[in-house]
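Trainee: Could you put together the complete structure from these sequences and hints?
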Amino acid sequence: MKRRRNILIWTGFAVVLIAFLSYVPFFAQFPITRDIPWANYLLFLIGGTLLFIGVRRAFRDPAQYRGKISGSILSVLSAAIIALFVAGVIYLSKLIPSADTALAVGTKAPAFALLDTAGKQVTSGDLLKNHRGVVLIFYRGYW
Amino acid sequence: MRGIQESLQDFEKLGVKPVAISVDSPSESQDLCRKASYTYTFLSDPHTEVIRAYDVLHKGAGVSGHDIARPAEFLIDSTGTIRWINLTGDLRVRARPEQMLKAAAAL
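Going down the list, the sequences are from chains A and B.
Numbered per the working numbering, the first sequence spans residues 1 to 143.
Numbered per the working numbering, the second sequence spans residues 1001 to 1107.
It is possible that some hints are incorrect.
Examples of chain B residues lying across from chain A (beta carbon under 7 angstroms, computed) [as the list claims (entries may be wrong)]:
| no. | residue |
| --- | --- |
| 1 | L1008 |
| 2 | V1016 |
| 3 | S1029 |
| 4 | L1032 |
| 5 | D1045 |
| 6 | V1056 |
| 7 | R1070 |
| 8 | P1071 |
| 9 | L1075 |
| 10 | I1076 |
| 11 | G1080 |
| 12 | L1101 |
| 13 | A1104 |
| 14 | L1107 |
Hints are computed from structural coordinates only; laboratory data are not their basis.
Note that the Cβ used here is the ideal one computed from N, Cα and C, for glycine as well.
Mentor: Pasting the structure below:
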């Protein structure tokens, strides 16, 4: 009997590769998949699962499926790719400038006037009027 | 941001107003608020005037290399004095609403 090509191993590895390469040109463009790259993690999981099933059948049923060697190599490669991605995400998320010079507790908050979502001007004076306080939440924005 | 929306009533009880600020345009923020059902105030600082005034600029970190705000929270009392700040060292870690509410309750 001719041994069959173990397509799951190659598909799984391809999905892992796509998960790795798609973050910067694609998923980083959308706010929902940018800060926490869950879409990439999901793809890694899918790719890893396919690879696992492929390698398992290569070892369990070597008479029918090929891929003991290629599967092992691609599994190690995939694990390295996933580790690199996770390390990259952790590294990048800590890559923000130090805030040593940010305004400190006890200083006077600078007054401001900015537009709200309706395009109406809102001043810090307006905000503090009738309120005990205001929490300013600076965020990166969704560009 | 979602956590603040969920704690909005607690903020109101304390008489403290949460206000989000970013470089996004009013229409981009409006889009975000509509999609995510945020009902608190979102202000637009496209020229990073206020972001720089509070010294929380993240130079060149925008997708097209423009300046944006680093994550940061400031609690200001009614006299206009900063009473509490939170400056994270990790983008994934933001101030939790409970922290803000605790600081707000101490005003």
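Trainee: All hints, please: hold or fail.
Mentor: Hints, verified against the model:
no.	hint	in the structure
1	L1008	12 angstroms, violated
2	V1016	4 angstroms, holds
3	S1029	5 angstroms, holds
4	L1032	6 angstroms, holds
5	D1045	6 angstroms, holds
6	V1056	5 angstroms, holds
7	R1070	5 angstroms, holds
8	P1071	6 angstroms, holds
9	L1075	5 angstroms, holds
10	I1076	4 angstroms, holds
11	G1080	5 angstroms, holds
12	L1101	9 angstroms, violated
13	A1104	6 angstroms, holds
14	L1107	5 angstroms, holds
Checked against the numbered hints listed earlier, the structure breaks hints 1 and 12; every other hint is satisfied.
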